[in-house]
Amino acid sequence: GAVVSQHPSWVICKSGTSVKIECRSLDFQATTMFWYRQFPKQSLMLMATSNEGSKATYEQGVEKDKFLINHASLTLSTLTVTSAHPEDSSFYICSALNWGANNEKLFFGSGTQLSVL
Amino acid sequence: DAKTTQPTSMDCAEGRAANLPCNHSTISGNEYVYWYRQIHSQGPQYIIHGLKNNETNEMASLIITEDRKSSTLILPHATLRDTAVYYCIVNSGGSNYKLTFGKGTLLTVNP
Numbered sequence: 001g002a003v004v005s006q007h008p009s010w011v012i013c014k015s016g017t018s019v020k021i022e023c024r025s026l027d028f029q030a031t032t033m034f035w036y037r038q039f040p041k042q043s044l045m046l047m048a049t050s051n052e053g054s055k056a057t058y059e060q061g062v063e064k065d066k067f068l069i070n071h072a073s074l075t076l077s078t079l080t081v082t083s084a085h086p087e088d089s090s091f092y093i094c095s096a097l098n099w100g101a102n103n104e105k106l107f108f109g110s111g112t113q114l115s116v117l
Numbered sequence: 001d002a003k004t005t006q007p008t009s010m011d012c013a014e015g016r017a018a019n020l021p022c023n024h025s026t027i028s029g030n031e032y033v034y035w036y037r038q039i040h041s042q043g044p045q046y047i048i049h050g051l052k053n054n055e056t057n058e059m060a061s062l063i064i065t066e067d068r069k070s071s072t073l074i075l076p077h078a079t080l081r082d083t084a085v086y087y088c089i090v091n092s093g094g095s096n097y098k099l100t101f102g103k104g105t106l107l108t109v110n111p
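Residue numbers (my numbering), protein chains in the order written: chain R, 1 to 117; chain W, 1 to 111.
Think of the hints as simulated: they come from the structure by calculation, not from any bench.
Dumping the calculated SDA-like pairs for lysine to any residue here, alpha-carbon to alpha-carbon at most 25 Å:
#, chain 1, residue 1, chain 2, residue 2
1, R, Lys105, R, Glu52
2, R, Lys20, R, Ser54
3, W, Lys98, R, Tyr58
4, R, Lys105, W, Leu99
Throw the hints in and build the complete structure from the sequences for me.
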């Protein structure tokens, strides 16, 4: 099946710094990718929809200036957590839409655990 | 997208069938029922989806009631590696493919 690679798997950073997370579709082109956040023992919460070549669409309550999304190519979307604070510590997951797939069309990355000290 | 209701947790003995229910009484005609699962600290894994007919693949079977207001995911022979949170999601797919995850069911398979 299609593969979505997410990097890094985990990252520890100091409060006030910025962290970039990459999401790559390895064997298909993805015009649409999604970013989720998951706090411990909670469900995934959709943060934004990333569209290649255009601005991301953010869900209500998600700060677009804090969570910068760039989808500059058909195989790469990045999420940058700017001026990270301890409350931003979370598990971030991306997914990519493969319209060419026969059955399953949405493929998830393995997630990035962010810890802000 | 229609809301889904699932039990918070379930237990199953290894080797037995696991039947996970989901209620989606407000589902509309063009919405599919999707099932994903998430093993701890990993990304969600697709299991199966269907519209109105029952579906089966190498992982599981999906039984959808005739009125489509509920469905059941069946893992025919559960193993310890099937311990995970199982999410039932209703979505119309198409151009609005973003999936909204509920709280899911924590399935624990016991030896």
